[in-house]
Amino acid sequence: MFSYTFQWKQALKALPQMLDGALVTLQIALLSMAIGLVIAIILTLFRMSGNRILSGFATAWVEIARNTPALFQIYMAHFGLGSFGIHLSPFTSLLVGIVFNNAGYLAENFRGALKAIPDTQTRAGRSLGMSSLQAFRLIVMPQMLRIAFLPVTNQMVWAILMTSLGVTVGMNTDLTGVTQDLNARSFRTFEFFAIAAVIYYVIAKAVTLAARAFASRMFRY
Amino acid sequence: MIETALTWGDLAFLAKGAGMTLAVTAISVAAGTVLGVICGVIRFQLGPYWSAPLTFVLDVFRSVPLLIQLVLGNAFQSIAKLGWPPFTTSCVVLSLYTAAYCTEIVRGGMSSVPVTTRRAARSLGMTWWQDMRYIVAPLATRVSLPAWIGLALSVMKDSALVLWLGLIELLRASQILVTRLQEPLLILMICGAIYFIISFPIARLGGYLEKRWSPND
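Sequence lines, in order, name chains A and B. Positions 1 to 221 (the UniProt record's numbering) are the ones given, in order, by the first sequence. Positions 1 to 217 (the UniProt record's numbering) are the ones given, in order, by the second sequence.
The following block holds chain A by itself, in its conformation from the complex (with noise of 0.2 angstroms):
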């Protein structure tokens, strides 16, 4: 059944190449969190602030990043804003595409995780004096960032898979970029791969240990 002489010596090789690889994937990752998140809150904001053409700028966005696939939305950035002649490298495509799925879900969270705050806070603060964006980002945002915060994390991992799909526009410096390119000169392709795919989970799980234990020091009460 297996013919096959595996080559992982050839692939350990390119190891230093692959963690390179794995640092740019890391900060696309990183990047489209902050980004994201930025914008996150401020499609929240939208929301909740009961003007219409926002809030339905707000709910359009939520809503196509949660209903088409993340794929589309970097072709989308990377083709699709070529017809308005805007021409983004594939870094930049595969950025966009990410941030904007990100904001997607992040709002989404946002959203369920201020359900759980209670509106006499804000009113509270409200009758303190204080303006309602005061209200908003002394008062709830804090709460609403912790309370979605394991989401957020997740959301994180999520980002860090994402960021495999810049190959299908032409990223080669990312840990997936690298791995197709090494793969494309020696066609060890499961050699490859699989060490591409021990070095994701291995960021992933560390991210998701970092992100319990921030949690348990900043959350403690």
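Be careful, since some hints might not be right.
As the list claims (entries may be wrong) - One-sided excerpt, in silico: chain A residues whose CB lies under 7 angstroms from chain B:
#: 1; residue: Gln7
#: 2; residue: Gly80
#: 3; residue: Ser164
#: 4; residue: Ala204
To be verified - Just a few of them, taken from the derived set where beta-carbon distance is under 8 angstroms, the chain B residues facing chain A:
#: 5; residue: Ser63
#: 6; residue: Leu67
#: 7; residue: Phe76
#: 8; residue: Pro114
#: 9; residue: Val115
#: 10; residue: Asp158
#: 11; residue: Leu181
#: 12; residue: Leu185
#: 13; residue: Tyr195
#: 14; residue: Phe196
#: 15; residue: Ser199
Everything labelled a hint here was simulated from the structure, so no lab data went into it. We treat Cβ as the ideally placed atom computed from N, Cα and C, and that holds for glycine.
With chain A's structure known, arrange chain B on it following the hints.
What follows is chain B alone, placed relative to chain A:
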């Protein structure tokens, strides 16, 4: 209307792609759910200690990008000389991927059934199997169904990745049309609209069930 070179034949091509997406999704979700229910029950019954190996294996499927899983699955089937066509490989990999998530959902649903209820059932003389069938299954389904619908939808969206193995599903079909007609925006928007039309009503149904069936209301 909009000036376009898109013909009805091209739309039929897209529809065929959508059919492929749905076929891959249906097979994977069905097989993945069966596997997931089995693994979920095993994990719940054995407890965290004895099911640790199973937990680890399923965790790998959730921590490695699906694209890498597909490539590895395809490489494996050619190494093992199984001779599977891309369709089979895609379905197998996606089924395992679905099963990994489904296990968590099943386990969550089962742990929401109060232990006292199950003990009561056993004290009334029900066998383990009867307890599972008449007590746990109905109660756990109520809790798990909304999450399961979410899972089915995310598998539908993730099935776009099978294009990497050369399967012509909805996204690949639209990419082929883009290459031929050079109208990326219009074609991609149609493709996105098709995904949205499939996904949105079902997502809404899931949200409705979640609201309707949540135990605290």
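Worksheet entry | Hint check, failures only | 1, 8, 9 and 11
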